[in-house]
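*Asks:* First to last, the sequence lines map onto chains R and H. Numbering follows my numbering, in which position 216 of the first sequence is assigned residue number 216; successive positions increment by one, without gaps. Numbering follows my numbering, in which position 206 of the second sequence is assigned residue number 206; successive positions increment by one, without gaps.
What the hints contain is simulated information worked out from the structure, not anything from laboratory work. Fair warning: this is a prediction, and the values are worked out from it, not measured in the lab. Do not rely on the hints blindly, as some may be mistaken.
To give a feel for the contact side, a few chain R residues facing chain H, derived at Cβ under 10 Å [said to hold, decoys possible]:
(1) 288
(2) 289
(3) 291
(4) 372
According to the in silico footprint, chain H covers these stretches of chain R (three or more CB under 8 Å from chain H) [stated by the list, open to error]:
(5) 161-168
(6) 262-272
Positions of the beta carbon are idealized from the N, C-alpha and C atoms, including for glycine.
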Amino acid sequence: MPPLAQRNLIHDKVRLAVTLTGIVFAVVLIVVEMGLFLGFTVTTSSIIDKSGVDFWIVSKHTPYIEQGAAFSERKLYQVLATPGVASADKYIVRFAQWKTPNGGEQSVQVVGFNPYTGIGGPWNVVQGNVEDLKTPDAVMVDKLYAKKLGVTRVGEIFEIDGRRARVVGFTNGIRAFTTTPYVFTSFKNAQAFARLQADQTLFILVKAVPGTDKAALQSELETRVRDVDVLTASKFSSMTRIYWMFTTGAGVAVLIAALLGLVVGVVVVAQTIYATTMDHIREYGTLKAMGAPNSYIYRVIITQAGIAAVAGYALAMFVSFFVVRASRTGGAAIFLPWQMAVGIFFLTLLMCTTAAVVSINKVTSLDPAMVFRG
Amino acid sequence: MSAAISVRDVTKVYVEGPNEIPVLHGVDFDVEQGEVVLLMGPSGSGKTTLLSIMGCILRATSGSVQVAGREVANLPERELPGVRLKNIGFIFQGFNLFPTLTVGENVELALDLKGIRGSKAKDESRRLLEQVGLAAKYDAFPSDLSGGQKQRVAVARALSGSPGVILADEPTAALDSHSGRNVMEMMRDLAHKHGRGVVVVTHDSRVLEFGDRIVHMEDGRIAEPVAEAAA
C-alpha cells in the first residue's frame with residue numbers, strides 16, 4: 001500500500017505535534033502513576049523483602065510491620081530449639097523521635113537487628129560498614145534523609161528519645177513509605193531507643209535449614225511457640241503492602257490517577273486522530289467511490305494511529321527516563337521495570353487504536369456520492 | 001458494439017424526513033463500448049444522480065442497471081465496491097487526487113486497490129502516466145501540477161486495472177480551454193482506440209465536438225430526441 005497513513009500523519013506538522021504531545025502526556029502520566037504505585041508497593045515491604053529470612057514471628061494479629069507489638073524474647077529459645085531452624089534473631093521496627101541539631105524533632109523508624117549475623121540489617125551501605133553498628137549508640141541513616149535528620153557526616157552525635165545516637169555510616173536509596181526515615185542500629189540499642197523492656201522483642205526472624213519442608217516447619221513453630229503468628233516472609237510482605245496500598249487508600253488514589261491518565265490520553269488522541277480523519281474525509285470518500293472496501297480505509301486509519309502510538313511511546317519513554325532518574329533523589333521513587341515498559345507499550349497501542357475507532361465510525365457512515373458534490 | 005452499461009426504467013426517489021423527492025423518472029440509457037457519451041442538462045436535471053447509479057455509488061429506487069452484462073441493481077451493498085473496482089474508472093471535477101502522495105503513488109494506490117502491488121504496480125503506474133504524457137512528473141506532488149496536469153493524473157488513475165467504463169463528472173470545469181481540450185482528446189482516444197465506454201457529465205459547450213452522442217436530461221428524464229454529435 002502506498003504510504004497514505006504515514007503521509008497523512010506527517011502532512012500537518014502542527015496537528016502531528018498536538019497528537020504526539022497528547023500521547024506523550026498520557027504515557028508519561030501513566031508511567032509516573034504506575035511507577036509511583038510500584039515504587040510505593042516495593043517500599044512498604046522493603047525491610048521484609050530484604051531480610052532474606054523464611055519466617056517472621058510476630059505478635060498475634062499483627063497486620064503490618066509498623067504495628068509490631070512486644071512479646072517475650074524467651075520465645076527465641078523455643079524457636080531455636082525447633083528442628084529445622086537454622087537461625088533465629090530478635091528484631092525491632094518501631095517509631096521513635098530523633099532530635100535534630102536545631103532542636104526540632106523528627107519521627108524515625110528504628111530498625112534493630114543482630115549486627116553479628118547481619119540478618120535484617122541495612123543494604124546499599126555507601127559509607128561505614130555494618131560491623132560498626134556493634135558499638136554502643138551506633139546508628140546508620142540513609143543519605144536520602146540525611147538533610148531531614150540534620151546529618152552532614154559520619155561521627156555526628158544526635159539523640160533518639162533522649163538517648164545518645166552516633167552516626168557511623170550511610171546507606172543510599174532505602175526509602176520508607178511513610179517518609180519516616182529508617183535508622184539502623186543494633187538490637188540492644190534499638191531496645192533502648194524504642195523503650196522496650198530488656199527481655200522484649202517485636203519480631204523474630206527465622207531461617208530454615210536448607211532443604212527443610214517449610215510448610216511443616218511453619219506448622220511446628222506454630223505448635224511450639226504460643227501466642228504469636230508465624231508468617232512466611234512473602235505473606236507478611238503482602239500483608240504490609242495490602243495494608244498501605246489498599247486499606248489506607250493511598251494505592252487506590254495512585255491507581256485512579258493512572259486510570260485518569262489513560263482516559264485523558266484516549267480522549268486527546270481520539271480528538272486529534274478524529275480531526276486528522278476529518279481533514280482527509282474527502283480522500284476517504286474518493287477511496288470509497290473508487291471501490292475501496294471499508295476494511296482498506298480502516299487499515300489506513302489504524303496504521304496512522306499505530307505510527308502515532310509508536311512515535312509517541314518512544315518520545316514518552318525518553319521523557320520518562322529523566323523523570324525516573326530525577327525521582328531517585330526525591331522522596332518518592334518511581335519504578336519503571338522493563339516488564340512495565342513493555343506493558344505500557346501495548347497499552348499505548350490499545351489507547352491509540354481505541355481512539356481511532358471513533359474516526360472509523362465516521363468513515364463507515366461516509367457516503368461515497370459525496371465526491372460528486374462540488 | 002455491446003452495451004458497457006445498460007440502464008432500464010430506472011427511478012430514484014430521495015427521502016428527506018416525511019418528504020419524497022423524485023429525481024429520476026423511468027430512465028432508459030445505454031453506454032456502448034468504444035463511444036463517448038456527453039450527458040448534458042441543467043442543474044438538478046438528474047445527470048449526476050444517473051452517473052452515480054451507473055457507477056454503483058447510488059442505488060436506484062427501481063429499475064434495472066447492468067454493468068458489463070451483470071445486473072447490479074439488486075446486489076447487496078457489500079458487493080458494489082467490487083463491481084466499481086473491476087469495471088469502472090472515475091474522473092472527478094475537483095480531480096480528487098491524494099495531496100500527500102506523489103503522482104506515481106496516486107496511481108499506485110488505485111492499482112493497490114485492485115491487487116497490483118510492488119514493482120508491477122510501479123511499472124504499470126509509469127506506463128499509465130506515460131500514456132497521459134506525465135511520466136516525467138512521477139515523483140512530483142499534486143500541488144506542483146497545473147489543473148490540466150492534475151486531471152491527466154486523474155485519467156491515469158481511472159485507467160488503472162483497465163476498467164471497461166470511464167465515468168467523468170465535469171472533467172473540464174476547472175480547466176482552461178487548452179487543458180480541457182487535451183483531457184477530452186484523451187477521453188475520445190480511450191473510447192475510440194481502447195474500446196472503452198466513456199460517459200461525461202458536462203455543462204461545458206466547448207467539449208461538444210468530442211462526444212459521439214449527446215444525451216440531454218431534463219427534470220429527471222432523457223429529453224427526446226437523442227442528438228448525434230457533430231464529430
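*Asks:* Was the hint right that residue 289 of chain R lines chain H, CB cutoff 10 Å?
*Replies:* 6 Å, holds
*Asks:* Residue count check for the segment 161-168 of chain R against chain H: does it reach three with CB-CB under 8 Å?
*Replies:* Contact hint for the segment 161-168 of chain R vs chain H: violated, 0 residues under 8 Å.
*Asks:* Does residue 372 of chain R pass the interface check with chain H, least Cβ-Cβ distance below 10 Å?
*Replies:* Residue 372 of chain R check passes; min Cβ-Cβ to chain H is 5 Å, inside 10 Å.
*Asks:* Does the segment 262-272 of chain R contain three or more residues whose Cβ lies closer than 8 Å to a Cβ of chain H?
*Replies:* violated (count 0)
*Asks:* Mind checking the CB of residue 288 of chain R against every CB in chain H and telling me if the closest is under 10 Å?
*Replies:* Holds - the Cβ of residue 288 of chain R comes within 10 Å of chain H, reaching about 7 Å at its closest.
*Asks:* The hint names residue 291 of chain R as touching chain H; please verify it with the least Cβ-Cβ distance against 10 Å.
*Replies:* 3 Å, holds
Violated hints, in rising order: 5, 6; the structure is consistent with all others.
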